[in-house]
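S.K.: Add chain R to chain S, keeping to what the hints say.
Here's the letter readout for the chains.
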Amino acid sequence: QQQVKQSPQSLIVQKGGISIINCAYENTAFDYFPWYQQFPGKGPALLIAIRPDVSEKKEGRFTISFNKSAKQFSLHIMDSQPGDSATYFCAGSFQGAQKLVFGQGTRLTINP
Amino acid sequence: DSGVTQTPKHLITATGQRVTLRCSPRSGDLSVYWYQQSLDQGLQFLIQYYNGEERAKGNILERFSAQQFPDLHSELNLSSLELGDSALYFCASSKNPGQGYEQYFGPGTRLTVT
Chain S
282 QQQVKQSPQS
292 LIVQKGGISI
302 INCAYENTAF
312 DYFPWYQQFP
322 GKGPALLIAI
332 RPDVSEKKEG
342 RFTISFNKSA
352 KQFSLHIMDS
362 QPGDSATYFC
372 AGSFQGAQKL
382 VFGQGTRLTI
392 NP
Chain R
19 DSGVTQTPKH
29 LITATGQRVT
39 LRCSPRSGDL
49 SVYWYQQSLD
59 QGLQFLIQYY
69 NGEERAKGNI
79 LERFSAQQFP
89 DLHSELNLSS
99 LELGDSALYF
109 CASSKNPGQG
119 YEQYFGPGTR
129 LTVT
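Chains S and R supply the protein sequences, listed in that same order.
Add 281 to the 1-based position in the first sequence for our numbering, that's all there is to it.
Add 18 to the 1-based position in the second sequence for our numbering, that's all there is to it.
The hints are simulated quantities; they were obtained by calculation from the structure and are not laboratory data.
Every residue gets a Cβ at the ideal spot worked out from N, C-alpha and C, and that includes glycine.
Wrong hints could be hidden among the right ones.
List time: in silico DSSO-like cross-link candidates among lysine-lysine, alpha-carbon distance up to 30 Å [said to hold, decoys possible]:
1. S/Lys339 / S/Lys352
2. S/Lys338 / R/Lys27
3. R/Lys113 / S/Lys349
4. S/Lys349 / S/Lys338
5. S/Lys338 / S/Lys323
6. R/Lys75 / S/Lys296
7. R/Lys113 / S/Lys323
8. S/Lys286 / R/Lys113
9. R/Lys75 / S/Lys286
10. S/Lys339 / S/Lys296
11. R/Lys75 / R/Lys27
12. S/Lys296 / S/Lys286
13. S/Lys323 / S/Lys286
14. S/Lys349 / R/Lys75
15. S/Lys296 / S/Lys338
16. R/Lys27 / R/Lys113
17. R/Lys113 / R/Lys75
18. S/Lys286 / S/Lys339
19. S/Lys323 / S/Lys339
20. R/Lys75 / S/Lys352
21. S/Lys349 / S/Lys286
22. S/Lys323 / R/Lys27
23. S/Lys286 / S/Lys352
24. S/Lys349 / S/Lys339
25. R/Lys113 / S/Lys339
26. S/Lys338 / S/Lys286
27. S/Lys296 / S/Lys323
28. S/Lys352 / R/Lys113
29. S/Lys338 / S/Lys352
What the simulated footprint calls covered on chain S by chain R, stretch by stretch (three residues with Cβ under 8 Å from a Cβ of chain R suffice, anywhere in the stretch; the number is not a length) [said to hold, decoys possible]:
30. 324-332
31. 379-387
Isolated chain S (complex conformation) (with noise of 0.2 Å):
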């Protein structure tokens, strides 16, 4: 039930293009849902996170879509560069049990 899905393992895309991946979670006590960003060899670092109470959240050209009666969310990156080729992982997080629960994760590679 603390689960949160992932989709797909790997997406290439073309410079300037679209990236979009997906995730769909089943626990409705999460209370955020961030995005991470995992360059090779680097730790993942916080990209854009969500409120459960927000349909869309953009910053630059990376937004968060959020639909709770599907729960379910997305990340979308806009014009796509060749320099957001990395590991994606979204996640739920839970104030009370204070933990971050990460999807398996997206490689990314942008084609340029």
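M.R.: Leaving out everything else, chain R in the frame of chain S:
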């Protein structure tokens, strides 16, 4: 640079051995989290400490233990190591439990058990 430091970067050891991984959180952060990252299991939460006290536990094996010291640095102890314990171990920190979704990760320790 996240401000979280982890040592060592790499560790190679044999089965049955015991190792200690060290983490220093960002200045001012009271919470420390430990995660294990492997290819088949993804990023798994192990344990969280807040200001020296254990706050949350995840899928942490009984062979593993952790503590947070008065200066807020933390150590993760792994004993009776098995081949399957080979993984990247990340430490993360956050200012307070109320902002637990905003965690700052260190560069990780790559553990190889042979």
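S.K.: For every hint, state whether the structure bears it out.
M.R.: Now for the hints, and whether the structure bears them out:
1. S/Lys339 / S/Lys352: 19 Å, holds
2. S/Lys338 / R/Lys27: Answer violated: S/Lys338 to R/Lys27 is near 36 Å, above 30 Å.
3. R/Lys113 / S/Lys349: 28 Å, holds
4. S/Lys349 / S/Lys338: 14 Å, holds
5. S/Lys338 / S/Lys323: At roughly 26 Å apart (the allowed maximum being 30 Å), S/Lys323 and S/Lys338 satisfy the hint.
6. R/Lys75 / S/Lys296: Given pair R/Lys75, S/Lys296 is violated - Cα atoms ~41 Å apart, limit 30 Å.
7. R/Lys113 / S/Lys323: 21 Å, holds
8. S/Lys286 / R/Lys113: 28 Å, holds
9. R/Lys75 / S/Lys286: OK: R/Lys75 and S/Lys286 at ~21 Å, within 30 Å.
10. S/Lys339 / S/Lys296: 20 Å, holds
11. R/Lys75 / R/Lys27: Cα-Cα ~24 Å, so holds.
12. S/Lys296 / S/Lys286: The hint holds at about 26 Å.
13. S/Lys323 / S/Lys286: 23 Å, holds
14. S/Lys349 / R/Lys75: The given pair, whose Cα atoms are some 27 Å apart, holds under the 30 Å limit.
15. S/Lys296 / S/Lys338: 23 Å, holds
16. R/Lys27 / R/Lys113: Holds, at about 24 Å.
17. R/Lys113 / R/Lys75: 18 Å, holds
18. S/Lys286 / S/Lys339: 22 Å, holds
19. S/Lys323 / S/Lys339: 25 Å, holds
20. R/Lys75 / S/Lys352: 25 Å, holds
21. S/Lys349 / S/Lys286: 15 Å, holds
22. S/Lys323 / R/Lys27: 11 Å, holds
23. S/Lys286 / S/Lys352: Holds, because 11 Å separates the two Cα atoms, which is no more than 30 Å.
24. S/Lys349 / S/Lys339: Holds, because 17 Å separates the two Cα atoms, which is no more than 30 Å.
25. R/Lys113 / S/Lys339: 24 Å, holds
26. S/Lys338 / S/Lys286: 20 Å, holds
27. S/Lys296 / S/Lys323: Answer holds: S/Lys296 to S/Lys323 is near 23 Å, not above 30 Å.
28. S/Lys352 / R/Lys113: The given pair, whose Cα atoms are some 28 Å apart, holds under the 30 Å limit.
29. S/Lys338 / S/Lys352: 16 Å, holds
30. 324-332: That given contact holds, which follows from 5 residues of the region 324-332 of chain S lying within Cβ reach (below 8 Å) of chain R.
31. 379-387: It holds, with 8 qualifying residues against the three required.
When each numbered hint is compared with the structure, violations occur for hints 2 and 6.
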